[in-house]
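K.L.:
One letter stands for each residue in the lines below.
There are 4 protein chains.
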Amino acid sequence: MLIVMDKKATPQEIEAVVTAIESKGYTARSIPGGERVSIGVLNNEGPVDASLFMGLPGVKDAIPVTRPYKLVSREVHPEDTIVDVGGISIGNGHLTIIAGPCAIESEAQALTIAKHVRHAGAQLFRGGAFKPRTSPYSFQGLGEEGLKILAQVRETTGMPVVTEVMDFETFDLVEEYADIIQIGTRNMQNFSLLRRAGRSHKPILLKRGMAATIEEWLMAAEYILEGGNAQVILCERGVRTFVHHSRNTLDLSAVPVVLKESHLPIIVDPSHAAGRRDQVIPLSRASIAVAAHGLMVEVHHDPGNALSDGAQSLYPQQFEELCDQIKKIFNILGNNVDRCEAPISIAE
Amino acid sequence: MLIVMDKKATPQEIEAVVTAIESKGYTARSIPGGERVSIGVLNNEGPVDASLFMGLPGVKDAIPVTRPYKLVSREVHPEDTIVDVGGISIGNGHLTIIAGPCAIESEAQALTIAKHVRHAGAQLFRGGAFKPRTSPYSFQGLGEEGLKILAQVRETTGMPVVTEVMDFETFDLVEEYADIIQIGTRNMQNFSLLRRAGRSHKPILLKRGMAATIEEWLMAAEYILEGGNAQVILCERGVRTFVHHSRNTLDLSAVPVVLKESHLPIIVDPSHAAGRRDQVIPLSRASIAVAAHGLMVEVHHDPGNALSDGAQSLYPQQFEELCDQIKKIFNILGNNVDRCEAPISIAE
Amino acid sequence: MLIVMDKKATPQEIEAVVTAIESKGYTARSIPGGERVSIGVLNNEGPVDASLFMGLPGVKDAIPVTRPYKLVSREVHPEDTIVDVGGISIGNGHLTIIAGPCAIESEAQALTIAKHVRHAGAQLFRGGAFKPRTSPYSFQGLGEEGLKILAQVRETTGMPVVTEVMDFETFDLVEEYADIIQIGTRNMQNFSLLRRAGRSHKPILLKRGMAATIEEWLMAAEYILEGGNAQVILCERGVRTFVHHSRNTLDLSAVPVVLKESHLPIIVDPSHAAGRRDQVIPLSRASIAVAAHGLMVEVHHDPGNALSDGAQSLYPQQFEELCDQIKKIFNILGNNVDRCEAPISIAE
Amino acid sequence: MLIVMDKKATPQEIEAVVTAIESKGYTARSIPGGERVSIGVLNNEGPVDASLFMGLPGVKDAIPVTRPYKLVSREVHPEDTIVDVGGISIGNGHLTIIAGPCAIESEAQALTIAKHVRHAGAQLFRGGAFKPRTSPYSFQGLGEEGLKILAQVRETTGMPVVTEVMDFETFDLVEEYADIIQIGTRNMQNFSLLRRAGRSHKPILLKRGMAATIEEWLMAAEYILEGGNAQVILCERGVRTFVHHSRNTLDLSAVPVVLKESHLPIIVDPSHAAGRRDQVIPLSRASIAVAAHGLMVEVHHDPGNALSDGAQSLYPQQFEELCDQIKKIFNILGNNVDRCEAPISIAE
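Residue numbers (this note's numbering), protein chains in the order written: chain A, 1 to 348; chain B, 1 to 348; chain C, 1 to 348; chain D, 1 to 348.
Since the hints were derived computationally from the structure, they do not count as laboratory data.
Predicted model, so just to flag it, every value in this text is computed and none were measured.
Where hints are given, some of them may not hold.
[To be verified] Going by beta-carbon spacing under 8 Å, a handful of chain D positions derived as facing chain C: (1) A9; (2) G55; (3) L56; (4) E155; (5) V243; (6) H245; (7) S246; (8) L250; (9) L252; (10) Q279; (11) I332.
[Said to hold, decoys possible] In silico BS3-like cross-links for lysine-lysine, where the CA-CA straight-line distance does not exceed 30 Å: (12) B/K202 <-> B/K148; (13) B/K327 <-> B/K260; (14) A/K328 <-> A/K260; (15) C/K8 <-> C/K24; (16) B/K24 <-> B/K7; (17) B/K115 <-> B/K260; (18) B/K8 <-> B/K60; (19) C/K260 <-> D/K327; (20) A/K328 <-> A/K115; (21) C/K202 <-> C/K148; (22) D/K260 <-> D/K115; (23) B/K327 <-> A/K260; (24) C/K8 <-> C/K60; (25) D/K24 <-> D/K7; (26) D/K8 <-> D/K24; (27) D/K327 <-> C/K328; (28) D/K60 <-> D/K24; (29) A/K260 <-> A/K60; (30) A/K327 <-> B/K328; (31) C/K328 <-> D/K328; (32) D/K24 <-> C/K328; (33) A/K328 <-> B/K260; (34) B/K328 <-> A/K328; (35) A/K115 <-> A/K327; (36) D/K327 <-> C/K327; (37) C/K260 <-> D/K328; (38) D/K7 <-> D/K60; (39) B/K115 <-> B/K60; (40) B/K260 <-> A/K327.
Virtual Cβ for every residue (Gly too), placed ideally from N, Cα, C.
With the hints as constraints, model all of the structure from the sequences given.
P.N.:
Pasting the structure below:
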């Protein structure tokens, strides 16, 4: 249930509603945004009786929420969330390009690639310091040394950095260095990690699990918002199917569904979906055309010698082409994506 | 194996090569296109000995074919196939839009929709006369009466018509009326139907099976080319996965793979992939952005009363928006899609 | 709707009900089995008004059918169907073993294998004369010559024979020779073929499509029953998933679901599910343990030289082991499988 | 690479081989079991030069390992691992039945169910204290209070207890109470958790990820063995596919593949695969017939009021039937499962 307050409701009236909610054993959560205050009622079992709140001073409406997710839903929060990272806006109306190597290998490697991708048009730099690897015998990332190199890249290039956190134990460390903290596909339902992310003051990039439904994905985001962190960016990266001409099957229909269901920004990772360099540019164009808010792309200046995922990393020149192409597509979509049946009206 | 002839090879020399191939028990098939003649060697078991042909007069080269498909492959036929239907070109450099209702319901219905979609920018009209239906108790289409209505639409609007053939028995009938004969997803490996299509003089639109790999799909097309009909258009329409927010999962990575592997045109059917109206326009934009050669879209002037698939049919006004949007995307891609690593170089 | 007649209803009363049904534009179909007559009402759109029939003489009850499939459902036909093939009973209480090579290659090959599998315990012989093949260049079967060899096997060994029909055109021919006509996974929704099978007087073995839901599968069977042929045997053969350690993923949960939903016999084909010889025996044991009514297994005396599917064919000695093992499991399950929550009560 | 020592190799000779391995920058790991010592060479990049070790005193052989997993493979460790838990043996030749409620709800609930399942034949008790839940608003388990109830159940009934650990942070706590520590499907690639499990002295029950290949699953187990804990039990619990008549699709072909590839015990969880009570008994029979070493089954004395997963929990009486049925099937399989092509030879 969502309690919508009058525009002129006083802090005392709002406080009284919160008290009334909590006296029933529910959790009350204020919803940011808009010109009026709304209060979500969480942790109820079974339906909530609207009449408990409708009579209270300053209450305009009490709206039942039909979805299992509450705080991430458009029902509760109709306006698009725009995540701000060091002055860069991520969300509706903005085209966000995150690029960099799969793994940080050295300062020289990171800086070389960062300069390439910044020049081509990337606003944020990505690179793994802690790498989740199928095999215990594979390169596991440089760890804290990698984080320090990321900080060096930020200082040198001015680009905010995105890097993955693998576990609760190293969360504090990653949080100290990263501008955006990535939670990877294998951890989408690592609930301890999600709860910790909910207590973070940094934006979270939440990748879809490789076999997750959209409902499960939004519920994972709900864990983070429920914990108090509303700065969540969703990232579609392909799902596992019988298809084997690409590593995963990029599910672009997820983008319009998420845009309709949730106010959170959604970007696409075509590199992990494809697993092959020659599909990355076409899938990037398609991702922007379907109205995702941005891309996260793997780029390496020397893919043949990359310590991980070289086969799917673009050469710098290919990444330049990619940026040129998607900017043109983004521009014709116009600045705003509506959430109506026909999501885009192209302004001539 | 592909026998490439000299540009100046005489008909007698070509004939001698065909005879040499057939004397070994293989099948010889001339490959159309280009300024020189090539001859495919088919139905071999195990490798073919190139030296059998290299010495013959007029033979320039003998190239082993590494793919299980031969005639549909770029190895054998590097140039893009352009299918011509009543003066409309389908293939590289052209944007093809096919639209219409799922099923032909009446002359009035068909003509109403046809005029709408022609006005919006569709070049071809689609509509089912014979409908494959999961249930024997569902509306099965108007049959021959539907075909006659399609002919009426063509006469009135000038649009060539696309309609599905369900079986060998009614192939002659459908062939008589249709400009493009569609083979549906459930029939992709109906080999009798594919062989009959191979003997047709009409272009064939071959939908991907809902659980088909690209190799299986191209092999199905190979049946048609092997039978003598080189006018095949491929159509991606989504595959069946665990995902249920769309009826099928549109596999757009199939497009760059097919463009690389085969010379045949490929279009996308976003309506059957989505199964829901509100995903059709975003997926259409993505399909053109990924570099498909066109779309086939379901449109109905009164979807609420459609006899089949109403929920996924666009309203005419939505279809107008769709056409506007995809034309803009098509235009910025430039006229030609290369088949290199980065498939498109956008001309400024 | 199902109209249940009194036990003592006269032929005239039954006829009157049929007339009443047809006068409303519906189709009436008598349901075989039991000690009383029931009449299914088919081809209705929307609900049927029970009061139209409840007052008629001899009518005991009028039961709405909640499933999309009617004639194949337990609602309409609660008793198990037992298919009789030359004195061999297939269905509840019987263990049916069908075995033989993927393709008939020669009379010597067929007879050699037939004698092996009969000796081991198979009651029916399988072998393909018309083979659906992904590639037009693969061995397509011996055609009518293969059918004649099958007839020879039947005459020599006394085993009824099962063989696949690929299309409407060759149905008459296959029907002439086969004791059970198989419709393969790629043809599960070849509706012309299903309608033709519905007019056949031979039992039909209907394989599940590789991406078919159970509802779609039962609807395919419904086409056959609706056409007038109630002798249908279902065959689970694995579905296509992301898993690649077996060719398909055998979906054994389909067996209890089908047993609950339908009265038709269901067997399992572990060979095509596995695609690898070393999984066939374990999956065969599991299939009988889950309460399938039988198996169809590929056996070849010389798998290394088989013209198709050699890798999944058992050696004769392995097939003997298989038969020994599954008979023991079948025996402890007891003779009858209940369709209650706990489907089997093992008699001590 | 696996260094196999002579039977008479001295501790000094073994130590010298370890030193030689580590001097090359590799990791040496002794392999338990058999009458001779073997030493695995881990963390090599690229092939290892056998001649470095073949000449050393006491070395009998140096065998390259072809699989990406080493310590879990049959190549490195041919004998079956038998896990001992409080005198109960889990692995080849033993039938292990683990049963209990999805979640511990109260001492009364736990003890009631424990007595039922012990009486029916279960040797171990399962119950969740920390529950991974899709929604942050669902019941999350009793936490430490649940663990204390489990200890109470063990004391009262003598049954060892199995419970899930959800994260690194609570691992110490769970380890203190549990006899077997379960890692759930969502955590199969939570590498921090796997590394922590590798340092545990308690056996680990590792469930297959819902979209994991067998190679990924065995690699996850490799993390645990590489950490030093060789007591790992694998648990198949179904994979996510397009199929929706069961919650997941139980992949029983995984059992023979795992039995061939690895020496670790493998059991099956039919409850989470099915998600519906009426499929659990048939799938349990199939699991034992396919030669799994045991089952983990959800049982509740009052499923209608269970706090989680009631719909898939068996009633106690159904569980009795299940135990009766699977014991009979286990007995006819004989005591030993071979790992040859035809895995079981039934002793008459």
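K.L.:
Which hint numbers does the structure go against, in order from smallest to largest?
P.N.:
1, 2, 3, 4, 17, 22, 32 and 39
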